[in-house]
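Trainee: In order, the protein sequence lines correspond to chains A and B. Position one of the first sequence corresponds to residue 30 (my numbering), numbered consecutively onward. Position one of the second sequence corresponds to residue 52 (my numbering), numbered consecutively onward.
Because the hints were derived from the structure by calculation, they are not lab data. For every residue, glycine included, the Cβ atom is placed at its ideal position computed from N, Cα and C. All clues stand as given, with none of them false.
Quick list of simulated restraints, FRET-style, between CB atoms:
(1) B:T109 - A:P138: 15 to 25 Å
(2) B:D206 - A:G53: 46 to 56 Å
(3) B:N163 - A:T43: 56 to 66 Å
(4) B:N163 - A:R232: 30 to 40 Å
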Amino acid sequence: MSGFLAQYGTEIRTLTLEHLWLTGAAMLFASLIGIPTGIWLTRHERWSSPVIGFVNVIQTIPSLAMFGFLLPLPWLGERAARIAIMALTGYALLPIVRNTYAGIRGIDPTIRDVARALGMTQMQLLTKVDLPLAAGVILAGLRTATVTCVGIATIAAAVGAGGLGEFIFRGVASVDNRLVLAGAVPAALLALAADGLLGLLERWAQIPGAGKS
Amino acid sequence: MPSAIEFRDVSLSAADGRRLLDGIHLAMEEGTTTAILGRSGSGKTTLLRMVNRMVRPTSGSILVHGEEVTDQDAVQLRRGIGYVIQETGLFPHYTIERNVGLVPELNGKRANKERIYELLQQVGLEAAKFAGRWPHQLSGGQRQRAGLARALAADPSILLMDEPFGALDPLTRAEMQEMLRALLQRLKKTVLLVTHDLDEALYLASRIVLMEDGRIVADLAARDFMHSELLEVRQYAQAFHRGVAR
Numbered sequence: 030m031s032g033f034l035a036q037y038g039t040e041i042r043t044l045t046l047e048h049l050w051l052t053g054a055a056m057l058f059a060s061l062i063g064i065p066t067g068i069w070l071t072r073h074e075r076w077s078s079p080v081i082g083f084v085n086v087i088q089t090i091p092s093l094a095m096f097g098f099l100l101p102l103p104w105l106g107e108r109a110a111r112i113a114i115m116a117l118t119g120y121a122l123l124p125i126v127r128n129t130y131a132g133i134r135g136i137d138p139t140i141r142d143v144a145r146a147l148g149m150t151q152m153q154l155l156t157k158v159d160l161p162l163a164a165g166v167i168l169a170g171l172r173t174a175t176v177t178c179v180g181i182a183t184i185a186a187a188v189g190a191g192g193l194g195e196f197i198f199r200g201v202a203s204v205d206n207r208l209v210l211a212g213a214v215p216a217a218l219l220a221l222a223a224d225g226l227l228g229l230l231e232r233w234a235q236i237p238g239a240g241k242s
Numbered sequence: 052m053p054s055a056i057e058f059r060d061v062s063l064s065a066a067d068g069r070r071l072l073d074g075i076h077l078a079m080e081e082g083t084t085t086a087i088l089g090r091s092g093s094g095k096t097t098l099l100r101m102v103n104r105m106v107r108p109t110s111g112s113i114l115v116h117g118e119e120v121t122d123q124d125a126v127q128l129r130r131g132i133g134y135v136i137q138e139t140g141l142f143p144h145y146t147i148e149r150n151v152g153l154v155p156e157l158n159g160k161r162a163n164k165e166r167i168y169e170l171l172q173q174v175g176l177e178a179a180k181f182a183g184r185w186p187h188q189l190s191g192g193q194r195q196r197a198g199l200a201r202a203l204a205a206d207p208s209i210l211l212m213d214e215p216f217g218a219l220d221p222l223t224r225a226e227m228q229e230m231l232r233a234l235l236q237r238l239k240k241t242v243l244l245v246t247h248d249l250d251e252a253l254y255l256a257s258r259i260v261l262m263e264d265g266r267i268v269a270d271l272a273a274r275d276f277m278h279s280e281l282l283e284v285r286q287y288a289q290a291f292h293r294g295v296a297r
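Just chain A, same shape as in the assembly (with noise of 0.2 Å):
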């Protein structure tokens, strides 16, 4: 055990970094187009159904044939890391899109109303109301999010955009359990450590007695 991390650990913290990297890129992106597509079609009801219908697609698409339609794209298929952050983006934006839609819907009518018709600005019933509301939904959104990509980017090996699934895919192909787990364990540590930090901020965002008015 302890001559195996002696061999590999330097990789194992490099591919690491180049896990959280690659996820880390991936959500920065997601969350800036995400989020205010939710706040937009909260604005606009009626593409909510087809812009949610479309970024469900993408979510159903198996990602390793995702990394492979991305692959001969001109600019996106020179860098392998660019391929695998575009298609992360694409997973992590339904969690996001969605939450952050269903969390300003599913705010109280009855404080929006009343936000209005005090005199709230458009700009002002979106940072004092709805984004502070739906924080935590939003959030959670973000949480799950994230948590899929740290998985999926495993995946991103195949294309060589490297990360932690490089172990796995090494392993797989030489029948050594010992390379699968390498990759694996760190890979699971990461989706927990990612988990467990979203999970307390979503908790400190929350509404004390949200839900009555």
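Since chain A is already given, all that's left is putting chain B on it; use the hints.
Mentor: Structure of chain B alone, referenced to chain A:
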């Protein structure tokens, strides 16, 4: 001097063509309290919400301080009109202090702590005790008091109240009515009070407008209301007291 609020031949039709409000003419003078009385579905809440442009009429015009509401900036108009509803609508993520100071805050002014404390005392809430609390830690009556303080914070000349005590138990409601009556006598606001509660209308308002199916069926001074021979008035009074007695 123009009326504080005026409805000129205001009508509203639903998408299916149904008349929700029909030819409303009404003028409220500065500093008076008018009760809009009626059953649920009579259109009284809709009428109230036209004053702060939350509902737009299909035809006719609404004037606030002599100026058409559609010509005024909706946001500024609303900030100048106090609004109190049955469900309070306090923001659950703000303390009582921040809730009460909200309208000044929206105007970009730092809400003045002394002013908030004064408002809380005015509505009968011990400021030092309640300012830092959250809405869910208050009883229904206390929340309603805080909601009233919030409506008064920017010192609006008009106050819209939609069944403000409708969700309270009879004892608390009576207390609140007493507090509000004393407060209104001091503050001299133009108040539009929507209620189905005849006794509340008689106790708080100087004028009672009775609505039925989107039309005004009676418009009387409060002191004359119970002596009125109008069929609609007598029927409503009878129905109301039968309902209360039950």
